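S.K.: Okay, here's what each chain looks like letter by letter:
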Amino acid sequence: MHEICQETIAKLSGLCHIECTPSELDQFFKDLRLLISYMDCIQSINTDSVPPYCHYDQTLSWDQAQAHMYADIPGNTLSRQSMLANAPQHTEEVVVIPFIDTTTASKSAL
Amino acid sequence: MNAALHTLSAIELRDLISQGSISAVDAIQYFLERIDRLDVSLGAFLNVFHTRALEKAELIDRQRSQGKPVGKLAGVPIAIKDNIHVLGELTTCASKFLTNYRAPFEATVVELLEQEGAIIIGKTNLDEFAMGSSTEYSALKSTRNPWNLNCSPGGSSGGSAAAVAARLCLGALGSDTGGSIRQPAAFCGVVGFKPTYGRVSRHGLVSLASSLDHIGPIATCSRDAALMMEILGKYCPRDAMSANRPPEDYLNEMSGDIKGLTIGVPWRYFDSLSPASKALMQEAITSLEKLGAQIVEIDFALLDKAVAVYSIIGSAEAAFNFARFDGIKYGVRSAKATTIDEIYSLSKEDGFGPEVKRRLLLGTYILSSCDQNTYYTKAQQIRTLIAKQLEEAFQKCDLIATPVTASTAFESGSIRDPVQMSLEDTYTIPMNLAGLPAISIPAGLINGKPFGIQLTGPQKSDVKVFQAAYAFEKRRKPLLPPQHS
Numbered sequence: 001m002h003e004i005c006q007e008t009i010a011k012l013s014g015l016c017h018i019e020c021t022p023s024e025l026d027q028f029f030k031d032l033r034l035l036i037s038y039m040d041c042i043q044s045i046n047t048d049s050v051p052p053y054c055h056y057d058q059t060l061s062w063d064q065a066q067a068h069m070y071a072d073i074p075g076n077t078l079s080r081q082s083m084l085a086n087a088p089q090h091t092e093e094v095v096v097i098p099f100i101d102t103t104t105a106s107k108s109a110l
Numbered sequence: 001m002n003a004a005l006h007t008l009s010a011i012e013l014r015d016l017i018s019q020g021s022i023s024a025v026d027a028i029q030y031f032l033e034r035i036d037r038l039d040v041s042l043g044a045f046l047n048v049f050h051t052r053a054l055e056k057a058e059l060i061d062r063q064r065s066q067g068k069p070v071g072k073l074a075g076v077p078i079a080i081k082d083n084i085h086v087l088g089e090l091t092t093c094a095s096k097f098l099t100n101y102r103a104p105f106e107a108t109v110v111e112l113l114e115q116e117g118a119i120i121i122g123k124t125n126l127d128e129f130a131m132g133s134s135t136e137y138s139a140l141k142s143t144r145n146p147w148n149l150n151c152s153p154g155g156s157s158g159g160s161a162a163a164v165a166a167r168l169c170l171g172a173l174g175s176d177t178g179g180s181i182r183q184p185a186a187f188c189g190v191v192g193f194k195p196t197y198g199r200v201s202r203h204g205l206v207s208l209a210s211s212l213d214h215i216g217p218i219a220t221c222s223r224d225a226a227l228m229m230e231i232l233g234k235y236c237p238r239d240a241m242s243a244n245r246p247p248e249d250y251l252n253e254m255s256g257d258i259k260g261l262t263i264g265v266p267w268r269y270f271d272s273l274s275p276a277s278k279a280l281m282q283e284a285i286t287s288l289e290k291l292g293a294q295i296v297e298i299d300f301a302l303l304d305k306a307v308a309v310y311s312i313i314g315s316a317e318a319a320f321n322f323a324r325f326d327g328i329k330y331g332v333r334s335a336k337a338t339t340i341d342e343i344y345s346l347s348k349e350d351g352f353g354p355e356v357k358r359r360l361l362l363g364t365y366i367l368s369s370c371d372q373n374t375y376y377t378k379a380q381q382i383r384t385l386i387a388k389q390l391e392e393a394f395q396k397c398d399l400i401a402t403p404v405t406a407s408t409a410f411e412s413g414s415i416r417d418p419v420q421m422s423l424e425d426t427y428t429i430p431m432n433l434a435g436l437p438a439i440s441i442p443a444g445l446i447n448g449k450p451f452g453i454q455l456t457g458p459q460k461s462d463v464k465v466f467q468a469a470y471a472f473e474k475r476r477k478p479l480l481p482p483q484h485s
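One line per chain: the protein sequences are F and Z, in this order. The numbering of the first sequence is my numbering, which starts it at 1 and goes up by one. The numbering of the second sequence is my numbering, which starts it at 1 and goes up by one.
Quick caveat, the hints were computed from the structure, so don't treat them as lab data. Certain hints may be false.
Straight-line C-alpha distance at most 25 Å; calculated DMTMM-like pairs for lysine to aspartate or glutamate [stated by the list, open to error]:
hint : chain 1 : residue 1 : chain 2 : residue 2
1    : F       : 30        : F       : 72
2    : Z       : 305       : F       : 63
3    : F       : 30        : Z       : 473
4    : Z       : 141       : Z       : 271
5    : F       : 30        : Z       : 304
6    : Z       : 234       : Z       : 350
7    : Z       : 290       : Z       : 253
8    : Z       : 464       : Z       : 136
9    : F       : 11        : Z       : 116
10   : Z       : 305       : F       : 48
11   : F       : 30        : Z       : 36
12   : Z       : 234       : F       : 24
13   : Z       : 336       : F       : 40
14   : Z       : 388       : F       : 48
15   : Z       : 474       : Z       : 326
16   : Z       : 278       : Z       : 114
17   : Z       : 388       : F       : 26
Computed from a predicted structure; not experimentally measured.
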């Protein structure tokens with residue numbers, strides 16, 4: 001239904017923060033065109049007034065279902081040390097990231 | 001006795017260890033030696049826990065000698081797919097991005113298995129982040145099918161299925177988002193089970209597509225898989241979708257009697273099967289009929305839309321889930337990155353393989369397309385229709401029988417088209433979309449390669465699925481690849 005072009009792929013790669021080489025962009029363009037054209041087979045199905053699927057247990061009443069849901073419960077979490085152990089760069093206290101120059105960031109956003 | 005330990009079932013080995021006929025240390029040493037000798041050609045394992053496994057085995061022997069209970073899986077070697085956490089060990093997801101990531105907590109399923117005396121013997125290979133149906137997309141190594149080393153073991157739990165098929169361990173855990181337990185189980189001639197959605201906790205599983213992800217057992221026979229389910233099928237408050245229901249008694253319900261059971265078969269949707277696959281499927285149905293089941297034909301008109309629906313929902317959920325792999329809190333950070341933006345984009349560029357990138361681009365497209373309703377909402381609506389169609393089928397029958405795949409294991413590298421690869425999962429995907437329990441059991445060999453049938457039940461009928469699987473399997477010998485027998 002939607003036509004995609006190589007510019008779309010370049011834009012998508014920016015949106016999901018994946019740097020791609022020109023040859024990768026070319027390959028993904030071919031693959032995605034194929035996949036999206038295949039996925040368009042769903043457009044022939046009439047879905048008027050069909051609700052989107054959810055894993056809500058249909059055998060439960062609404063009240064029962066609500067009772068099954070609960071707010072997040074603060075509990076024991078990982079220690080700072082075990083969290084930091086997997087960070088590519090860190091001090092004893094925090095994860096280290098490069099300095100963010102907000103001027104440059106706002107310029108590039110423009 | 002030790003010479004044939006790999007031909008035993010997990011239950012038989014457990015009994016020998018519990019009775020003291022063999023020590024857990026001897027048993028584990030036997031399987032570790034087997035892995036060291038045979039996995040060179042198979043490539044099923046990414047990491048083998050020699051020291052850890054022997055230490056745990058010593059503990060079992062000590063407990064037994066002190067007269068303490070040793071558990072339902074005492075001394076049984078179990079492998080874990082490498083997208084499930086084992087505390088302190090690497091969880092690579094077969095990705096370069098996570099080659100240095102050590103699990104900071106234990107997955108609930110691993111905790112439950114170890115509480116029952118299972119020995120975690122190692123972590124197995126998979127398609128990178130479980131994205132694939134052949135284990136060829138692993139960024140770390142390739143895994144071969146024990147029945148034919150030129151063929152794929154299936155995927156994404158190909159390492160787990162190959163390890164069990166070659167009897168390098170007597171059980172394994174896999175994850176199943178669109179067929180990733182059942183398809184490799186079928187290709188490798190072992191039993192693979194995907195439970196009802198919510199029956200087994202995913203706490204500690206690296207999420208791929210959360211509304212489709214399941215964890216389940218792979219074993220040499222249905223009774224072993226059922227025993228694993230007895231252990232794994234428990235409520236877990238750390239998985240928001242975990243079902244708060246009491247555990248089920250699988251083994252006691254498996255009498256082998258299926259008289260009076262009605263099995264539905266959607267015959268008209270088996271066109272893509274080769275004549276040999278069709279013949280085996282027919283033979284399997286006849287065999288179920290002879291066991292006392294009544295066979296009825298059912299309709300499943302939306303079957304051919306399931307793969308498209310899955311591709312849309314699966315890649316959209318993956319794109320959402322994978323935003324966390326940014327090279328900040330964990331993962332391999334690109335050495336070339338000097339700014340925060342470069343950390344994100346170059347770390348993913350270096351760390352992710354082509355299949356992961358392709359799916360994330362597709363998911364991002366679906367979620368960001370000018371009209372999200374065109375794909376995502378529409379797919380979720382058709383998912384409702386697919387679940388409804390299956391529900392209607394279950395008005396006529398207790399279980400549905402289909403093949404697991406249209407054919408047997410394909411030659412490694414022979415499928416390059418991404419759509420063709422997705423179509424490998426045509427018969428397994430609907431069960432993930434509707435959250436139904438489904439089992440893959442070997443039905444025979446075609447040209448020396450295993451072919452599996454799938455039995456599916458309505459939600460929460462996991463025990464019934466096992467009852468039928470056991471009856472079907474009872475009169476057949478377990479398949480053992482000749483070069484690993």
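S.K.: All the hints need checking, so say for each whether the structure fits it.
M.R.: Cross-check of the supplied hints:
no.	hint	in the structure
1	F:30 to F:72	43 Å, violated
2	Z:305 to F:63	34 Å, violated
3	F:30 to Z:473	44 Å, violated
4	Z:141 to Z:271	35 Å, violated
5	F:30 to Z:304	23 Å, holds
6	Z:234 to Z:350	39 Å, violated
7	Z:290 to Z:253	20 Å, holds
8	Z:464 to Z:136	34 Å, violated
9	F:11 to Z:116	51 Å, violated
10	Z:305 to F:48	17 Å, holds
11	F:30 to Z:36	42 Å, violated
12	Z:234 to F:24	44 Å, violated
13	Z:336 to F:40	39 Å, violated
14	Z:388 to F:48	15 Å, holds
15	Z:474 to Z:326	50 Å, violated
16	Z:278 to Z:114	41 Å, violated
17	Z:388 to F:26	40 Å, violated
Consistency note: the structure conflicts with the earlier hints numbered 1, 2, 3, 4, 6, 8, 9, 11, 12, 13, 15, 16 and 17.
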